[in-house]
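Engineer: Chain by chain, the residues run as shown.
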Amino acid sequence: MPFIPHTSDQVAAMLAAIGVADLDDLFDEIPTELQTGELTAIPAALPEMDVARLMASRARQDGQPLCFIGAGAYDHHIPAVVWQLLSRGELYSAYTPYQAEASQGTLQILYEFQSMMTALTALDVSNASLYDGASALAEAILMAVRSSRHGKVRRVLVPRNLHPRYRAVVRTIVAQQDIDLVEVPFDPKGGHLTRTALEPLASEPFAALVIPQPNFFGVLEEVDELTDWAQAQGALVIGVVNPLALALLSPPGEWGSRGADIACGEAQPFGMPLASGGPYAGFLCCKQALMRQLPGRIAGRTQDLDGKVGYTLTLQAREQHIRRSRATSNICTNQGLLVNAATIHLALLGAEGLARVAAACHVHTRHLVERLQETPGVVPCFDRPVFHEQALRLPAPAGDVLRSLAAHNILGGYDLSADYPELDPAILVCATELRSAEDIEAYATKLARVIATRSQARCPVEPKL
Amino acid sequence: MSQVPSDLRYTKDHEWARDNGDGTISVGITDHAQEALGDLVFVEVPEPGQLVAAGEACAVVESVKAASDIFSPLAGTVAAVNSSLADAPERINEDPYDQGWIFSLTPADPAAFASLLDADAYARFLEDE
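If you're matching them up, the sequences are chains A and B in order.
So the first sequence is numbered by my numbering: it starts at 1 and just counts up by one.
So the second sequence is numbered by my numbering: it starts at 1001 and just counts up by one.
Be a bit skeptical, because a hint or two may be false.
Some, not all, of what chain A presents toward chain B, calculated at C-beta under 10 Å [what the hints assert, rightly or not]: (1) 315; (2) 327; (3) 384.
No lab work stands behind these hints: they were computed from the structure.
Each residue gets a CB set at the ideal place from its N, CA and C atoms; glycine is no exception.
With the hints as constraints, model all of the structure from the sequences given.
Structural biologist: Shown next as structure tokens:
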């Protein structure tokens, strides 16, 4: 049953009023091959009872594996009160309400979220979130290009050790906008960005350098040196950061002598559960000078006529609903529900709690890496310090090893071979604060057994000497 | 009734142009335009040296309710910009025809200035609008 309120008489009256014979005629400018045909792959409807049974059996297939995968989305503890509060009707919406100022509580939470993000990044302004970290980076790149001498410089340096999905999303979003994304290679020994790799790329002007901190391999970048270098070339610096890491690392606003100009990333580590890839929430912060290039909603704090504190959406004049096709961005919504989750989560943890979680992740990952290295042939791909992830080279095909571990209910890491064939066979591992010493022990023991089994299996075909 | 000084030329997009007598033309928005926009909070000016076509959007004035493009009345090269508007955009509201000038340009064809609306024509246009 389609949820369309109009009767066929009403539809006929509307069509007659505009002189169109048939509803389909309204879509005739769309080429036939792009129009939706019959949806043949969708199975017949099931009764609710059968759907519940089917979904329960699917859920059982998931099991409750021990997760050592990070790669952009992390298995953190979420205090029960976070989602308990979110299920309140006042908060249970993905959207900023229309006539937003009637919902002062919602606006206050957005304002608090922005304040927390500016405090974490040490930048001046934050918006009220975007869809996810990858689209936030695309918006950051568009901001940098717009502000470069009125959009004249359309070249942006994007490192290969940035999350592969972020690079793909950025390519998709800016592909039609005549922006040249130049890939920066990473140092094969350290996994990080170096001046040696960057300098040959600076022979032509570029609008921005993207610096991931930590990068996709978990490796920490020399952010001060890179920021100073890029800004000395007249470019802006965009930091792509794990916001949890900022509890321990220097914030983008303090990188180098002038600080990064824009910071963005994924707020998923704050109260958002792993759920088949999302939904998560992106954040985007910048210096005051770039404020008018910042897309999306911004909640502001002000006073009403009686001098009482009030919250309002502000700086909307360049948004889509006012400026139409000349808007700063066509994104003018946010991830309201997940921002509420992040804000409640951060308020519960506080600065100290956040730093303790970040430190626990770092310590657990170091312990995990030490323990896994006891298996011969398992070695870190890179020799530089990491936050809470590490790329490990394996003595056997990564896909096979991960499948064997999964059979033991362990998600052993992210297979790097498809995105980085030059590292094959290698996996990216992560141990958050949730992975106890016992969990790590279980992983290390099973990994040793899986790899030993594979080496033994090869014995019979080797020549006997 | 908004002011329409007789020594200036105008466009139907509510920009004014003044012949500075030194080969450059100053550009701003009219009293009528500033009144319609309301209190301005931000002005984005072009780059000196930038080439602009007649009718090209080359500056933005932003009020609390709208951001509007400013179109160049003539083709030419941007000669100077009023950088004091960065800190005091309200000058456009207070004194649109003098302190509130936005940019000046060296026209590609100086004779084109005469083709802009004169004060009478602009005043009539405002009455009809």
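Engineer: Flag every earlier hint the structure violates by its number, smallest first.
Structural biologist: The structure breaks only hint 3.
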